[in-house]
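Chemist: These protein sequence lines map, in sequence, to chains U and P.
The numbering of the first sequence is our numbering, which starts it at 1 and goes up by one.
The numbering of the second sequence is our numbering, which starts it at 1001 and goes up by one.
Honestly, the hints are just simulated from the structure, not real lab data.
Some clues are possibly wrong.
[What the hints assert, rightly or not] Listed below are the simulated SDA-like cross-link pairs for lysine to any residue, each with C-alpha atoms no more than 20 Å apart in a straight line:
| hint | chain 1 | residue 1 | chain 2 | residue 2 |
| --- | --- | --- | --- | --- |
| 1 | U | K140 | P | R1072 |
| 2 | U | K141 | P | T1070 |
| 3 | U | K137 | P | T1021 |
| 4 | U | K246 | U | R230 |
| 5 | U | K140 | P | R1015 |
| 6 | U | K140 | P | T1021 |
| 7 | U | K140 | P | A1012 |
| 8 | U | K137 | U | L95 |
| 9 | U | K140 | P | L1017 |
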Amino acid sequence: MTASAPVSVSASGLSLCYGGTRALDNVSLRLTRGVTGLLGPNGAGKTTLLRVLATAVPADRGAFTVLGHDPATARGRQEVRRQLGYLPQTPGLHLDFTPFEFVDYVAILKELTDRAARHQEVRRVLGEVDLADVRGKRIKKLSGGMRQRVALAAALVGDPGFLVLDEPTVGLDPEQRMRFRELIAAAGESRTVLLSTHQTEDVAMLCHRVLVMAGGRIRFDGTPAELSARAAGRVWSSSERDPGAKAGWRTGTGTFRNVGDPPEGADLLEPTLEDGYVLTLDGDRAEVTA
Amino acid sequence: MTRRVALVLAPAVWRTLPWRTLGATGTVGLLPAALCRLLGAEPGGSSAMGLLRFASLALTLGAAFLLDDTARHTTAPVPTGRAVRTVLRVVLVTPVAALWWTAVLLLVTGPAGPSAGDVTLEAAAASAVAVAAATLAVRHTDRTDPGRTVAVGLVSAAILVPVMQPSRWALFVWPADPRWAAAHERWGWVLAVAVVVWGLSLPEPRTRRSLRLAVTSPCGTSAPSGGR
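This is chain P alone, in the form it adopts within the complex:
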């Protein structure tokens, strides 16, 4: 039943995606790379990596808004679980994101540029973190627009992590850095962990215990009320 519902549901879910936000982040991410190409500049090494990281950040921010859904509460108690809709959203937007990222790579990378595979891994891992964080936010809060909060967290992380990361755990390194290969092994782990967290956050909790992130203060009950 779920597969049949998912197939019938796909066109409607496509329309519920936050296309304006995705379009805006996509445009902003693509703009510097497109301008460089239009101006005839051929960024190499660090400049190319800077452009790619900027595009990757835009992609990640777009992914943070993927689960924003104004009709969340109206469509909460339906037999087709939230997980189906979340997976559909990701499945539907992935080809579009892949095409967009390919365009970025075509505009930026050249013989002197960083490895397309490695930067794609970075972008995929960062986007997966964004989707996992948004899924967690949906699971643990009532918000219909978790994207903004998640995006603020991601931007903060993008600023703080490069500054505060210990050298031996570095993630954001430049192509000439000898730690490049090790950093991308770590990006692989980030991607794997994000996917696992996303998968675990997908199902709707059946008990409040599984909802709680932290221990809350105890709250007892009184004698029964009602029950005529």
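Excised from the complex, chain U in its bound form:
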């Protein structure tokens, strides 16, 4: 995936305030096919940006298009929604429904009115998220990971061209997270996926591109390798915690891994995406929680 790939989602000057708080501040972006990661601390504006792009809430200012459709008009918004799959941060489900019934309900809302074709599509997405075996079980009897997959199936039903996923791996165990990565990677092969997450590993493993947000603004826009490279020469190992480091912790080998401005002659280490992310936020004096 390159920057010259066809643009699926294009936004310019998106701004939104809640009361006096600027949740989005003049955000512009262009998304292409594949998985784009969205990183940022709590309160950075990630969820707000996702909700705006998913047409769940209108922006105060700015404009955007999804697959050529402008949601500023009623017709345009409907067209955008026909192309959209959305997994919110805390997906609510009707717990008395079975996964099949719930995804079927969402499929009807997505205008799949032909019963036979719709049921076939519901079975397809439930198979895709590995829930075919429990499709007749009440959602209230499913585990948290399975419920998350029901919500993902609801987002995937109707084969949307633009998938918006808000922290889909929160609360999942490592095995479930790995399963989710597989699903998201598969979804990104043919779609534009915007993935908001706190997990830098997810971004490193899944995304061809990463955006870093803080204070309602985009602070970084590039590849995961470029974000990691921001920390090149700024990660070092020492036997004691370096007081000059922005962050430092004892690793399993007993040495300290420090991030920041290294002293001369420091034993430099290979930076990770997380190092680049932390230093990007630090450079913008954004609040970072350890």
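Since the structure of chain U is provided, determine the placement of chain P on it from the hints.
Modeler: Relative to the frame of chain U, chain P by itself:
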């Protein structure tokens, strides 16, 4: 397309209705009237009106919870607008509410009781206010359960309005009161206004300006960010 979707959608929307809450408020509303009938008491005049107003309040509280939807955010950005689902909810629950209200009337009203038409107008207007308030709450907030807040507001109104209402604008009057006819003309207006507010609140806003209830503090923007 919308009509076809609505037809296919109706059975699923029926299942998403908050039946437990509706059942609970329905039972509580019906209970005093049923007990009176079981005990052989024949309430007349003010007693009958008290029972009917209690049932009407229960109906109104049930209506306040009508738009509670745990899957609201999961199903927000779909081509079938929220208005379709809201109208479907109201359309589906109205016959059930009408049957329930008929049962209340059959249990309570007699030759000495208040006019069934007038008390039905009161109940319909109060329920319409509840649905309009819930629709407004859904439009202006992100809550999946606006019912509780709306219900608290309605109970407060049910307590405060009879106490604070100016005599010439009285809504809650008793059958023997000479203001009864005028009060029910006002109930008609309450119903009409509630229906209009409900209708205006149905469509999803396309701009934030139409979302704002009050003027918020100005919030400017900085230079563009992102946009590679």
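Chemist: It remains to establish, for every hint, whether it holds in the given structure.
Modeler: Hints versus structure:
1. K140(U) x R1072(P): holds, 17 Å
2. K141(U) x T1070(P): Given that 20 Å is the threshold and the Cα spacing comes to 16 Å, the pair holds.
3. K137(U) x T1021(P): violated, 24 Å
4. K246(U) x R230(U): Judged against 20 Å, a Cα distance of about 14 Å means the pair holds.
5. K140(U) x R1015(P): Holds - the C-alpha atoms of R1015(P) and K140(U) are around 15 Å apart, at most 20 Å.
6. K140(U) x T1021(P): The hint holds at about 18 Å.
7. K140(U) x A1012(P): holds, 17 Å
8. K137(U) x L95(U): holds, 10 Å
9. K140(U) x L1017(P): holds, 17 Å
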